[in-house]
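Chemist: Residue numbers (our numbering), protein chains in the order written: chain A, 76 to 356; chain B, 76 to 356; chain C, 76 to 356.
Any given hint could turn out to be false.
Same chains, same names: a pair is fine if it fits in one copy or spans any two.
Below, in silico cross-link-like pairs of lysine-lysine (DSS-like), each with a Cα-Cα straight-line distance of 25 Å or less [unchecked claim]:
no. : residue 1 : residue 2
1   : K332      : K290
2   : K355      : K93
3   : K154      : K290
4   : K154      : K213
Don't read these hints as lab results, they were simulated from the structure.
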Amino acid sequence: MKGQKFAATQNTQIRLTKCSPDYWRVTFDHPPLDIFGPEMLPQVNEIITALETDEEVKVVVFDSAVEGFFLIHLDFLAKLDDLAHLPPGPTGLHPWPEMLVRLSRAPVVSIASIRGRATGMGSELALACDMRFASREKAILSQFEVGAGLVPGGGPMAQLSRLMGRGRALEVILSANDIPGDLAELYGYVNRSMPDADLDGFVDALATRIASFDKRTIMDTRHLVNVASLPPDIEIESGWNACVASMARPATQQRIKTLIERGFCKPGDAETRLGDFVGKR
Amino acid sequence: MKGQKFAATQNTQIRLTKCSPDYWRVTFDHPPLDIFGPEMLPQVNEIITALETDEEVKVVVFDSAVEGFFLIHLDFLAKLDDLAHLPPGPTGLHPWPEMLVRLSRAPVVSIASIRGRATGMGSELALACDMRFASREKAILSQFEVGAGLVPGGGPMAQLSRLMGRGRALEVILSANDIPGDLAELYGYVNRSMPDADLDGFVDALATRIASFDKRTIMDTRHLVNVASLPPDIEIESGWNACVASMARPATQQRIKTLIERGFCKPGDAETRLGDFVGKR
Amino acid sequence: MKGQKFAATQNTQIRLTKCSPDYWRVTFDHPPLDIFGPEMLPQVNEIITALETDEEVKVVVFDSAVEGFFLIHLDFLAKLDDLAHLPPGPTGLHPWPEMLVRLSRAPVVSIASIRGRATGMGSELALACDMRFASREKAILSQFEVGAGLVPGGGPMAQLSRLMGRGRALEVILSANDIPGDLAELYGYVNRSMPDADLDGFVDALATRIASFDKRTIMDTRHLVNVASLPPDIEIESGWNACVASMARPATQQRIKTLIERGFCKPGDAETRLGDFVGKR
């Protein structure tokens, strides 16, 4: 498979492992932060394309090989010009939100196994998955963006409102604060939070179990859950447009500049305590 | 009342008790499994018709008299030909999903008091009720169908998505696994899980309390909750059609055949540990 | 500011405090019950108008200065004729539901800090806020109305269905019973319940934090959560109309008369144990 070859040989930021023909694993492995650089975008795209087109895969698990991080936000220290000028995909959405929408609709059950920090794009990718399970001790989810003057661009307003209701979604997004595993469970941000020692076994058993069922039945069933629960694309598009507009505002540019001067996007307290970090003036 | 006479004298699988003119109780009493045989369908229909037309009833509680079971899935050992060829009801839906839709809209508050296993049609009936309360020690809810190659036919994709959000609904339905009382409470599958010793008293007090209020006020209020929260019929219809289509596929027929050979639909481990059972290959 | 002057000098039932230009506090201070008298309506209106038009405010916290009460229901002992004949606001809604709708859309983040009883209009105001936090020991939320023969008029059928799903919303509204802090948290009625000693510090820190972020970004983000989660006005309007119709029915008038004879709307057991009170016949 082309996607597999690409991921395995040309770049080790995202590794694709086929545990079996019907059960795949996608591992973010971009130390030290699992930060989302522009070069990750085509890799994610290739993996999602493979998930869309492979006829055997039934379940994919997303996890991380980097201590302390699942997948975090955009790397604001990288050259982002290319990213901003990417042509829209077939649906008219920018490639990032489009990939998320495609993942939610791809004929494969997707499970995020969250150990370490999932913020910004990392949280958005987890929210585009079918299910999310968190390490009680090590998972931290958040949408930090509002703290940096940014409207989140990958759909959390649409997704979190539907998962946890208006009150909790507004708190999570507008506070821009860290949400540890147990609170994420209480709020419905994740399906369940569990002891770190149990997470891998639980997720592997669940993935193996679902992969043992009939693919057609799984997909027909899942389609009807999607009909009942996925946000319309226009909400995702509006979110992306609001994100791009916020990015261009001088006030936001100034906030991001200040954050970068204090260590944002580099290993250290800025990223390991991002909630506190964006809350300090 | 015709419905009462039918239920009380011609068949003891479902018993109707009028605790008072405004508070009724419907008890599933079809030992040893409370399995849903084709003969149950007209009985349920008669009871729902009575609930729709009686002018005094305000609250109905559904419970079970069978140890270990609330109400479970279709009896695949029964002659099912009649079931498949039943004419649609007034809404155009097949009688089973139509009865569920009618129950959710009938001018009566419905409460499922769940002790023992509620899976398949038993879970679907509980989900069509207004509220669900579970015995912490003895309730097990599930939609086992995907594990048997079947798309669930009585609306859980539509109902569970709205009760617990996409992530947890997909886990419950696609894992086809047992959900005990406390997890059902965490996920919102039931309103609350409570000690088994408290369940009857709690439900009886709640039913008595609501039955003491004004029927017109109850129904006008409930109508507006229904407007805000009931799935559209078309989602229920699509689910039923997908169920029927899945049932006809050879792969599904083979799965069901294998399960039956191993004890499905008979007393024993297959039904008392159904989650584990459908997960074994 | 006109609103501030009004609230501060002409009437002390509702006090507006500007902690800073971007962080305001609205305190219900109408002892002994924080009951909602007709004279409160223009005061609430003035405050909401100020929140809509002020260019600096980013966050407003609603709390109470009255021991045991946050804000409760309409004062049925007051002269209510004026209230019934108020002209509709710009949206065509009656002023009360219109104020709630306006608060949910006003360009300000609203947080209800609930200590004591919030029932009827008090619960509806809290539900119109963006977020709700509750004292574990002292908060009691409820919609008592059905127990008095009334359909609730300020939108809880629409709001609670979306926050907690159909089953729990029906229980809360049709039982008309008291919901203490921890159960309110489990059901999603509030974001979180916490020790009473922590509530003020938590809410203040959250409000201060959000007020430190960029107003435009906050509001663009919040708008998209609103798109995904606010009920349509027509549901609020239908609820109000059903409330007015229920109020006019002789059966309801009789229920309210009986409740008043037993102490409703006056200090004492009727209000401090309202859930039990309306459940007694």
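Chemist: At most 25 Å between alpha carbons: which applies to K332 and K290, within, between, both or neither?
Modeler: The answer is between: 18 Å across copies meets 25 Å, while 48 Å in one copy does not.
Chemist: Should K154 paired with K290 be assigned to within, between, both, or neither, using CA atoms and 25 Å as the limit?
Modeler: neither (41 Å within a copy, 28 Å between copies)
Chemist: As a check of your reading, is K154 near K213 (CA-CA no more than 25 Å) within one copy, between copies, both or neither?
Modeler: neither (31 Å within a copy, 53 Å between copies)
Chemist: Classify it for me, K355 with K93: is the Cα-Cα distance of at most 25 Å met within a copy, between copies, both or neither?
Modeler: between (43 Å within a copy, 22 Å between copies)
When each numbered hint is compared with the structure, violations occur for hints 3 and 4.
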